[in-house]
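Q: Here is what each chain is made of, one letter per residue.
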Amino acid sequence: MPFETTVRDFRSPLAVTTPGPGIPKASTGIRGFDEITGGGLPFGRTTLVVGAAGAGKTLFGLEFLVTGARQLGEPGVLVTFEESATKVSANAGSLGFDIDGLQAGHMLVVHAFQVEPSEIVNTGEFDFEPLFLLLADTIGRIGAKRVVLDTIEVLFGAFRDEPTVRAELSRLFRWLEEQGVTAIVTAERGEKELTRHGIEEYVSDCVVLLDHRVHEEISTRRLRVVKYRGSAHGTNEYPFLISPHGLVVLPITSMSLDYAASEERISTGMARLDHMLAGGLFRGSTVLVSGMAGTGKTTLGASLVDAACARGERALMVLFEESPDQFIRNMGSVGFDLRHWVGTGLLHVWAARPSALGSETHLAMLAQLIEDVQPSVAVLDGVVNGAFSADMGSLMGRKIDLLKSRGVTTLVTMLAHEDQSRELEVSALMDTWLLLRNVESNGERNRLLFVIKSRGTAHSNQVREFLLTDGGIDLIDVYVGPEGVSTGSARQAQEARQRDAGLQRGEDLVRRQRDLRRSIVEGEGRLNAMEDEIAGARAEIERIDTQELREMTDTAADRVAMSSRRWADPEPAHSGGQP
Amino acid sequence: MSGLGTAGANGLAQATPIGHWELRLYVTGRSPKCLLAVENLRRVCEQYLAGQYNIEVVDLLENPRLAAEDQILAVPTLVRKLPEPIRKIVGDLSDVDRLLVGLQLRSQKTGPV
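Chains as they are written, first to last, in the working numbering: chain Z, 1 to 579; chain R, 1 to 113.
Okay, chain Z solo, but in the shape it has when bound:
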């Protein structure tokens, strides 16, 4: 359609940005990418894919071609300027792309040019007519609908005449559109401009940026649609992953809260716990199980998974800390025959160490797994253990978001920490929070289970003892004693301790009262005794008054009488000697 092309080139930029939503798209087959672009790349146009070395540009192009050839019956042409044809086949083979087979079936042609700058000496004017001729020939021969040129900027280095290369590339892009093929041109990321040689100015329809960052030894890949003329598209940076089956772009960056809330309850596999939660978990809800090491978090997850498989539903178990074999064996020892469910294909166990993958990659892999397995129940075991970086919360949020948006009932276990700050952060995202706690008393270590919260559900505030037996999990009532520990979380324990302290104080007061009463009694006793004494004293005084004084008066009167009788001196003086 040469006429259309010409017209578009001269239109004003404003007019071009709004041709309407219905422009035809060419599916890339890249999971997530077609979703964020509303169907893929602009059909019949050229898309620029920009990225540094190792960003995944080549694989992006390859997957686009292989999808066309394998699924859509659209043959493709790959022109590579960086790798040999055998290397292309080998690299593509690692993603399960059978390049050789597709070539044999005339669905794909690979032209590999190895451009050695040292070989080429420029002696005057030139053009890239051979490339045009070769492409025209190949497109005509196999009826190609898709073309990938990877990485075209190599030509700038090889043919040092930049103005000529620039003009020829511009001509090539126009020519590609005239052929009606959907094309991808890859280019190196530039420092100041988007691409090293600014070729984005020749590709106006669609520009995709691939980014590969390594931060603290964790690699993260992101994709962004920088420009997409005439089409709405997600503008965020989307994490993507190079998985064993090709690229996976994760079209989730924000929490959307428009989940359909189910009224259906599903069993946790523990009748008593279901009862505590007023009949089980809501289907599609999320549960956080936190607890210290060895409190039975994983076992609780296994119970949920086991129950799902027993109902004939598919379940996904993601292990962050142990191998599937180890997990299955351990769970077998408490009565869960998970190997059987793996055998029936209902249970998928995936062991992943997030630190080895990078958080974004990890998220992308999880997304792919959810797509593959289509589970009704998922357990992420130990999801936020280890290093807890600043964006871990948001990553966690996206994982939850991803699972919720797929209607997957999700149980997440995490290691409890002293300050509970992580649990609180994560629990805000969750519908239900179960806490498991070890309690040591009387020389034995017991596990206790608490329902801290459960949205939209009346739930028991009671504590249950959580017993791991050969036959699975038992929940039994616990005795809430004055020690207080068995009543739960730190706060609750504190309350219990306060209650204990109050009790102690009461006893003290009673004792003191008793003491005081006793001392009153004693005092009263003493008082009585003293009163008796006083009374005795008074009586004595009385007696003295009445008896002794009278006697004394009697004696004096006698003496007076006697002396008058004897005619004695009135009163003997001390100095006066005796006669």
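Keep in mind the hints are simulated off the structure, nothing from the lab.
Partial list, derived from the structure: chain Z residues whose beta carbon lies under 10 Å from chain R:
#, residue
1, PHE113
2, ASN122
3, GLU125
4, PHE126
5, PHE132
6, LEU133
7, ASP137
8, THR138
9, ARG141
10, ALA158
Stretch by stretch, here's where chain Z covers chain R in the computed footprint (C-beta under 8 Å, at least three residues):
#, stretch
11, 19–31
12, 60–70
Backbone N, C-alpha and C define an ideal beta-carbon position, used for all residues, glycine too.
We have chain Z already, so just place chain R on it with the hints.
A: Frame of chain Z, contents of chain R only:
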């Protein structure tokens, strides 16, 4: 593919390298650049390699797939097949100095002729 070229005339030229020169010039039809290249090449060969060279002109219009096989991205491209090693020289060969350096008929030094 159409080989237009042939050998030069008399025995010894003043140029130092002795032996047979096998040259192949890739073109796309009769574009001005390509015609100019053929012309330039014949002139330089007569001057420096008289009697020791053979020129084969390959038209990629007739067989585009040769571009991939022979790794030719641009035209005109002159390939020195002999003496080895193979050298590739791109352009219409107007810059004779660079052409001579490229063919290793002259050691690398700058400045126009």
